[in-house]
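Trainee: Single-letter residue listing:
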Amino acid sequence: MTSVGKVLLIGFGNPGRLDDGLGPALAEIFEEKSFPGLTIDSNYQLSVEDAASVAENDIVIFADASINGTEPFSFQKLTPKASLTFSTHSIEPDNVLGLAHELFKTKTQGYILGIRGYDFNEFGQYLSEKAKNNLKDAVIFLEQTLTTNNFKEIN
Amino acid sequence: MSDSNLKKIIIEPVTRVEGHGKVSLLLDEKNNIKQARLHIVEFRGFERFIKGRPYWEVPVLVQRLCGICPVSHHLAAAKAMDGIVGVDKLTPTAEKIRRLMHYGQMFQSHVLHFFHLCSPDLLFGFDADPAIRNVIGIAQKYPGLAVQGVMMRKYGQEIIKATAGKKIHGTGAIPGGVNKNLSIAERDVFLKDIEQMLEWAKGALKIAKDYTVENLSLAQEFANFDSNHLCLIREDGAMDLYHGNLRAIDKDGNKIFDQVDYNNYVDYIAEEVKSWSYMKFPFIKSLGHEKGWYRVGPLARVNACDFIDTPLAEEARKEFMAITGGKPNNLSLAYHWTRMIETLHSAEKIQELLNDPDLQGNDLVLKGKRREEAVGLIEAPRGTLFHHYKVNKDDQIEMCNLIVSTTHNNVPMNTAVEKVAQTYLSGKPEITEGLLNHIEVAIRAYDPCLSCATHAMGQMPLVVSLFDHKGNLIDKKVK
Numbered sequence: 001m002t003s004v005g006k007v008l009l010i011g012f013g014n015p016g017r018l019d020d021g022l023g024p025a026l027a028e029i030f031e032e033k034s035f036p037g038l039t040i041d042s043n044y045q046l047s048v049e050d051a052a053s054v055a056e057n058d059i060v061i062f063a064d065a066s067i068n069g070t071e072p073f074s075f076q077k078l079t080p081k082a083s084l085t086f087s088t089h090s091i092e093p094d095n096v097l098g099l100a101h102e103l104f105k106t107k108t109q110g111y112i113l114g115i116r117g118y119d120f121n122e123f124g125q126y127l128s129e130k131a132k133n134n135l136k137d138a139v140i141f142l143e144q145t146l147t148t149n150n151f152k153e154i155n
Numbered sequence: 001m002s003d004s005n006l007k008k009i010i011i012e013p014v015t016r017v018e019g020h021g022k023v024s025l026l027l028d029e030k031n032n033i034k035q036a037r038l039h040i041v042e043f044r045g046f047e048r049f050i051k052g053r054p055y056w057e058v059p060v061l062v063q064r065l066c067g068i069c070p071v072s073h074h075l076a077a078a079k080a081m082d083g084i085v086g087v088d089k090l091t092p093t094a095e096k097i098r099r100l101m102h103y104g105q106m107f108q109s110h111v112l113h114f115f116h117l118c119s120p121d122l123l124f125g126f127d128a129d130p131a132i133r134n135v136i137g138i139a140q141k142y143p144g145l146a147v148q149g150v151m152m153r154k155y156g157q158e159i160i161k162a163t164a165g166k167k168i169h170g171t172g173a174i175p176g177g178v179n180k181n182l183s184i185a186e187r188d189v190f191l192k193d194i195e196q197m198l199e200w201a202k203g204a205l206k207i208a209k210d211y212t213v214e215n216l217s218l219a220q221e222f223a224n225f226d227s228n229h230l231c232l233i234r235e236d237g238a239m240d241l242y243h244g245n246l247r248a249i250d251k252d253g254n255k256i257f258d259q260v261d262y263n264n265y266v267d268y269i270a271e272e273v274k275s276w277s278y279m280k281f282p283f284i285k286s287l288g289h290e291k292g293w294y295r296v297g298p299l300a301r302v303n304a305c306d307f308i309d310t311p312l313a314e315e316a317r318k319e320f321m322a323i324t325g326g327k328p329n330n331l332s333l334a335y336h337w338t339r340m341i342e343t344l345h346s347a348e349k350i351q352e353l354l355n356d357p358d359l360q361g362n363d364l365v366l367k368g369k370r371r372e373e374a375v376g377l378i379e380a381p382r383g384t385l386f387h388h389y390k391v392n393k394d395d396q397i398e399m400c401n402l403i404v405s406t407t408h409n410n411v412p413m414n415t416a417v418e419k420v421a422q423t424y425l426s427g428k429p430e431i432t433e434g435l436l437n438h439i440e441v442a443i444r445a446y447d448p449c450l451s452c453a454t455h456a457m458g459q460m461p462l463v464v465s466l467f468d469h470k471g472n473l474i475d476k477k478v479k
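Here the protein sequences come in this chain order: B and L.
For what it's worth, this note's numbering labels the leading residue of the first sequence as 1, then goes sequentially.
For what it's worth, this note's numbering labels the leading residue of the second sequence as 1, then goes sequentially.
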């Protein structure tokens, strides 16, 4: 367990849609690293049941591809949201966090790691070269963050 | 009246509906509905993408199509590939593992739809403040219900993970069978909670039933229209969500065709293209495109089956059919009730399967004589899902045709939108958010999945645009 407690990393996105798979790709890399106290999960998208898993942890990090965010990545603390933004059967990270707080009365802290991607609109299970480079930088950053327990925001 | 006197309202995209769709309402100068259409941007590139790929990859590859119901595509494709490898009947273990995966999918999908997408409309009202008419609002006012929804959904997802191997790109179903069974330890985890799931499913069914019965006049006024119904059916007429033959009935319950081998679907179903939508419009060939459209999904399945082979769901089906004297029910809002009958049925089936020792069998895969063409059908949560493939001598996919559930429901959803627009919006001096939500409620009843599964950060919110008869934007609302 890290000194900040139990940490959950959820990488989400569709690996069959090129750079949309950045989140699961990051999760896969950390699965192999076996950080103590770090639990890894990944899925195509977030859904309401993720709130139950989030509630079992002290910190949750959502890793997702970003369409137009900061290069190579951004890392921001989430404010639990108690209003509707989930447009579909999927749900946004701040809503998952809000649901975990509301339903399970926890104080889990949440962060979003948005890795900048570029190609989303074709089928194919590979990352663009620029996205791969961004992923490498995000991995180094997250390793440092988990090692030092310094959850510093990068906008 | 000339078209120059019409003005256009566009609702884009529709919230709490998968993928990207928009509704355009064409009003005349007196604000009467002239035309209402649901436009769906459907990504058809997949059928081209998969050409040239080896057939054994297909059950995994098709999961790229959609992040919402990958299990349904996985199983429909696997069923088609069973045909390609010449297997018409799986081993008992293989079929039961696939069924368990499928009922887990049905259970979690229906639960998500009811508890977290529809219950805000039903429990708070269609006109309620959108700030509370959402899942967080449910969590605040009905915390017990919201927790049930989350835990039921999680239960179904865990069954999928145990049978498909993993959440993303599951590999459980392979041509001719499955690649793993269910261990005793895995089984016991699910057995421990199944009674609770059954209790919660009964509770959810009661909410859906009571809502419909207590609001019957609303349900009869809201997007009520006659239609044909289509689904898979077991040989003895029982509901079967995993396998069967095709049955189509008309609005009165008369059979249009019955026990049709789905490998011959092209003799019975055709698809029409319309210039204003990317989505095709399937219809029953013998009735033609004007009269041959039909509903699929829970309402069609409950209407069309002769019985359900689990006791609690069968009792619920009889109660449901009694409302219409045994004739098909054609109320769009009745989808919710039938969806919860199927949720209970799925829980009963999961319990039945978990107690079956065949799940621990080791006879997992069969092989037969290789074929060049095959069709796989399954009753996905939203309705009948068709996968049709041709494979060349080099084992590569040569042709792929998919008809997804939402495509079958294309005309019904458009009809529902038009009915609601005419009933609630025509002649109104102002189009309020509550009125617009009536349109969305009608679409959501069908639980459409318009997903292209690319969801990355930066998605658009709901935008409502109002255009005058000259096409000028005169109002815009963002949710």
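Hint data in this document are derived by calculation from the structure and do not stem from the laboratory.
You may find that some hints are simply not true.
[Claimed, not checked] Taking lysine-lysine and the BS3-like style, the derived pairs with C-alpha atoms no more than 27 angstroms apart in a straight line are:
1. B:Lys6 <-> L:Lys161
2. B:Lys33 <-> L:Lys161
3. B:Lys81 <-> L:Lys192
4. L:Lys285 <-> L:Lys161
5. B:Lys132 <-> L:Lys154
6. L:Lys327 <-> B:Lys105
7. L:Lys419 <-> B:Lys105
8. L:Lys192 <-> B:Lys105
9. L:Lys141 <-> B:Lys33
10. L:Lys285 <-> L:Lys318
11. L:Lys141 <-> B:Lys107
12. L:Lys166 <-> L:Lys192
13. L:Lys154 <-> L:Lys202
14. B:Lys81 <-> L:Lys202
15. L:Lys419 <-> L:Lys22
16. B:Lys33 <-> L:Lys202
17. L:Lys166 <-> B:Lys6
18. B:Lys6 <-> L:Lys154
19. B:Lys81 <-> L:Lys154
Trainee: If a hint holds in the structure, say so; if it doesn't, say that too.
Mentor: Right, here's what the structure says about each hint:
The suggested pairing of Lys6 (chain B) with Lys161 (chain L) holds, with an alpha-carbon distance near 23 angstroms, which does not exceed 27 angstroms. Distance check on the hinted pair: Lys33 (chain B) and Lys161 (chain L) sit about 22 angstroms apart at the alpha-carbon level, within 27 angstroms; holds. At most 27 angstroms may separate the alpha-carbon atoms for a hinted pair to count; Lys81 (chain B) and Lys192 (chain L) exceed this at roughly 33 angstroms. Note on Lys285 (chain L) and Lys161 (chain L): the hinted pairing is violated, with a Cα-Cα distance of about 39 angstroms set against a maximum of 27 angstroms.
Restraint check for Lys132 (chain B) and Lys154 (chain L): not satisfied, since their Cα atoms lie roughly 32 angstroms apart, outside the 27 angstroms limit. Restraint check: the Cα-Cα separation between Lys327 (chain L) and Lys105 (chain B) comes to about 47 angstroms, which exceeds 27 angstroms; the hinted pair is violated. Annotation: proposed proximity of Lys419 (chain L) to Lys105 (chain B) is violated, straight-line Cα distance about 43 angstroms (limit 27 angstroms). Restraint check: the Cα-Cα separation between Lys192 (chain L) and Lys105 (chain B) comes to about 25 angstroms, which is no more than 27 angstroms; the hinted pair holds.
For the hint pairing Lys141 (chain L) with Lys33 (chain B), the CA-to-CA distance comes to about 42 angstroms; that exceeds 27 angstroms, so the pair is violated. With a CA separation close to 31 angstroms, the supplied pair Lys285 (chain L) and Lys318 (chain L) exceeds the 27 angstroms bound. The suggested pairing of Lys141 (chain L) with Lys107 (chain B) holds, with an alpha-carbon distance near 20 angstroms, which does not exceed 27 angstroms. The straight-line distance between the Cα atoms of Lys166 (chain L) and Lys192 (chain L) is roughly 21 angstroms, inside the 27 angstroms bound, and the hint therefore holds.
As the CA atoms of Lys154 (chain L) and Lys202 (chain L) are separated by approximately 17 angstroms, the hinted pair is consistent with the 27 angstroms bound. A hinted pair counts as satisfied when its Cα atoms are at most 27 angstroms apart, and Lys81 (chain B) with Lys202 (chain L) does not qualify at roughly 31 angstroms. Distance check on the hinted pair: Lys419 (chain L) and Lys22 (chain L) sit about 17 angstroms apart at the alpha-carbon level, within 27 angstroms; holds. Of the supplied pair hints, the one linking Lys33 (chain B) and Lys202 (chain L) is violated, its CA atoms being roughly 44 angstroms apart against a limit of 27 angstroms.
At most 27 angstroms may separate the alpha-carbon atoms for a hinted pair to count; Lys166 (chain L) and Lys6 (chain B) meet this at roughly 23 angstroms. A C-alpha spacing of about 20 angstroms is found between Lys6 (chain B) and Lys154 (chain L), which places the hinted pair at or below 27 angstroms, so the restraint holds. For the proposed pair Lys81 (chain B) and Lys154 (chain L), the alpha carbon gap of about 21 angstroms is at most 27 angstroms, so the pair holds.
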